[in-house]
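K.L.:
Now for the letters of each chain:
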Amino acid sequence: MSHSVPSHPQMDVQVERKFVPKQKDLGADVTWAKINKDVLKSLEKPRPVFWVIFFSALALFSFGVYCEVYQYQNGMGVSDLNNPQVWGLYIATFIFWIGMGHSGTLLSALLHIIHADWRKPIYRYSEAMTTFTLLTAALFVLVHMGRLWQFYYVVAYPNERWTWPNFTSPLVWDATAIGTYLTSSLLFLYMGMIPDLAICRDNARGARRALYRFLSMGWQGTDRQWANFKVAYMTMACFLMPLAVSVHSIVSTDFAVSQNPGWHVTSFPPYFVLGALYSGCSGIITLFIVLRYVFRFEAYMTQPILNKLIKMTFAIAMVWTYLDLIEYATTWYGSDEVAKADLVYRATGDYALQFWGMIFCAMVMPFTLLIRFVRTNYTTLLIISLILNVGMWLERFQIITPTFAKSHYPWLWTAGWWPSWVQWGIVAGSFGWFTMLFMLYCKIFPSVSMYEVKEMVHEQNMEEKAHATQAEVHEAGLLPEMEGGQA
Amino acid sequence: MSLSNLIQNWNSFRTRRPYEGQYDEAPYKWAMVIDLDSCIGCNACTVACYAENNLPVVGKERFGKGQAMHWIRIERYWGADEAKATEFPERGAEYLPMLCQQCEAAPCEPVCPVGATHHSPDGLNTQVYNRCVGSRYCSANCPYKVRYFNWWNYPDQAWPNPLELQLNPDVTVRSKGVMEKCTFCVQRLRAGMDKAKTEGRILADGEVLTACAQACPTSAITFGNWADKKSKVARMWKNQQVNLAKNSQEKSEEGIRGYRILEDLNTYPSIVYLERLRNLEA
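Line by line, the protein sequences are chains A and B. The letter at position 482 of the first sequence is residue 482 when you use the numbering used here, and the numbering goes up by one with no holes. The letter at position 66 of the second sequence is residue 66 when you use the numbering used here, and the numbering goes up by one with no holes.
Just so you know, these hints were derived from the structure itself, not from any lab. Misleading hints may appear alongside valid ones.
Unchecked claim - A few chain A residues that face chain B, going by a derived Cβ cut-off under 7 Å, partial list only:
no., residue
1, S216
2, Q220
3, Y409
Unchecked claim - To be clear about the criterion: a stretch of chain B counts as covered by chain A if any three or more of its residues have a C-beta under 8 Å from a C-beta of chain A, and this derived list gives those stretches:
no., segment
4, 143 to 157
5, 240 to 254
As the list claims (entries may be wrong) - Derived DEER-like restraints, expressed as beta-carbon distance ranges:
no., chain 1, residue 1, chain 2, residue 2, range
6, A, D336, B, P89, 31 to 41 Å
7, B, V171, A, W164, 41 to 51 Å
8, B, E250, A, Y333, 36 to 46 Å
9, B, V171, A, W162, 22 to 32 Å
10, A, D336, B, S219, 32 to 42 Å
Virtual Cβ for every residue (Gly too), placed ideally from N, Cα, C.
Please construct the entire structure, taking both the sequences and the accompanying hints into account.
P.N.:
Right under this line is the structure:
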């Protein structure tokens, strides 16, 4: 609209007010020098709790490795998987980890594209979370394979016999999509880190200095480097965005393409993507609180930022709830009697506890985020965010197990199948593996983006200055004519 | 496949089964008829299959865990009405031999990530052990759940010395981590087809039988070449008014017993079952 609104003094005042945030994302005392100092400190000596977390994770991971070696030596039978229950916890947890990764990309790429600046202090660790959750998910693909030593058959590699993978199989789409996603999110994480690695290089000694020097690729912060960097980073963000949507859609086709009751659902791709964003967002909240405490990032991981994160999580949780309910509704009112029976079995059968647990943890618990106390009390919020993710894990469990327990063929209806300790051990080990990698990452690389927080501080200062001068001008009654576009 | 082709022929893509018309001229299409009225549930077919195809005996504990390897299994159901009708509830036992249905549009085939299971021109749903990576997607997608996974390394355990001497040399012994299933005794079929080819003819009806059909004491299992319209199996399909290419069958009169299991899932199975008949008054 080109014709301008007639200028009106009172209206201008309203516009003014709208642009003054109640509370700034970062405190006024955050200066550029302080940012460097604080973030670099996280690479040195952490709180003792860091080592507690790290070694607990290492212990869990070691147990997981033991279970996997045991399974490798003896065969998949030790996991107590059997004829109808061929997938079990491995695939359920695989979907869980793939899903966890999505919000990292949402935060780092989508919010970057739409210039939501509050993401800047927290996107780096979220992106790292994406990378490591994908690495964890990839582990499950291997763990689940009967002959994991032949895993490369699934990859389209040139060979003298011209045998290719079967391109109609969703598992091949999976392998391709996850491979692409892992590579690009790793690149994206690394690329965004380069200016910070240069800061680390300038402040480190010995072997670390050599490492950072190698990784920062001669970054000097010249105008030309910055210009190229910005373009490349934005391009990568645009490339990553559709990828994040496609990956979990493809994972959902593992189920939607098959003809099992409860899986053969058209709405699965958006349902899975939203579920992924949901569990990822609560994962980011968990890590937010952990990192804030362990590395003393209180000045950067502030309450206003957390509040925005929680709002986003709540919105996503509601959309997910809606999609979940319409999935049940379409099954209930549909003509597929077997799928309907399967739905009833899920809610009332052997796995009803898991089903209602999911409903409680993932559908009811997000409403606690509306309470101010939950949002501001970090311990409570930590527990709530973990409960949300337990709910999302249960959701994946109850997609897989009841469908196998009661599918089309009645002779194989099995009651009360339960995974063996080997499966649980490997699942626990995966949590150890993720935490261990993530903690190591935060110890070696800056988990808060220094240069972007500096940008944020700069912009915040500029904004304040502008407001201050405008307020002065306004008070003096010397308000200049506003441009039409500003209203 | 161009986009315009896709749009124009959308309906046919949705309804046409894979391989339709592709193997019409093929000399062989293996099929089976199982008469449930003749089946007495003696398990001779299962035993014959174990012997012929080197199936491992898994033991009581693993069987209880659902890790059995029977390519053909006898399922026992209880006909409720019949059990009540007399003082002998055992009469209510109904048996159904379940084996791979060798579907023409097999749900297991498109989902295998490495193409280890595929369709052969003679209508078999084959499994390539060397290619299998053990993702178990085929089993997950099989509505009949007749695919069996090697949960354990049976070559080490199932045939302690000297039992390995009784293994069939024509059949691979499968290692841990691969999927296996009923092959319609493909080793017998291939040997017979090769012999017939050398002699410049096609196999005569009944010249090659699967182990289960051979062992059945009541001849409940009829196996043969469906492409040969004079074969017993083809005539039975015709008499029972079962059309291979349809997902629901229309019978001209009542009392025709032939049906295929779960055919409304568009799997186009190659096995026709004949319904069981019982006179409750007797």
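K.L.:
Now tell me, hint by hint, if it's right for this structure.
P.N.:
So, going through the hints one by one against the coordinates:
{"no.": "1", "hint": "S216", "result": "violated, 40 Å"}
{"no.": "2", "hint": "Q220", "result": "violated, 47 Å"}
{"no.": "3", "hint": "Y409", "result": "holds, 6 Å"}
{"no.": "4", "hint": "143 to 157", "result": "holds (count 9)"}
{"no.": "5", "hint": "240 to 254", "result": "violated (count 0)"}
{"no.": "6", "hint": "A:D336 <-> B:P89: 31 to 41 Å", "result": "holds, 34 Å"}
{"no.": "7", "hint": "B:V171 <-> A:W164: 41 to 51 Å", "result": "violated, 28 Å"}
{"no.": "8", "hint": "B:E250 <-> A:Y333: 36 to 46 Å", "result": "violated, 29 Å"}
{"no.": "9", "hint": "B:V171 <-> A:W162: 22 to 32 Å", "result": "holds, 28 Å"}
{"no.": "10", "hint": "A:D336 <-> B:S219: 32 to 42 Å", "result": "holds, 38 Å"}
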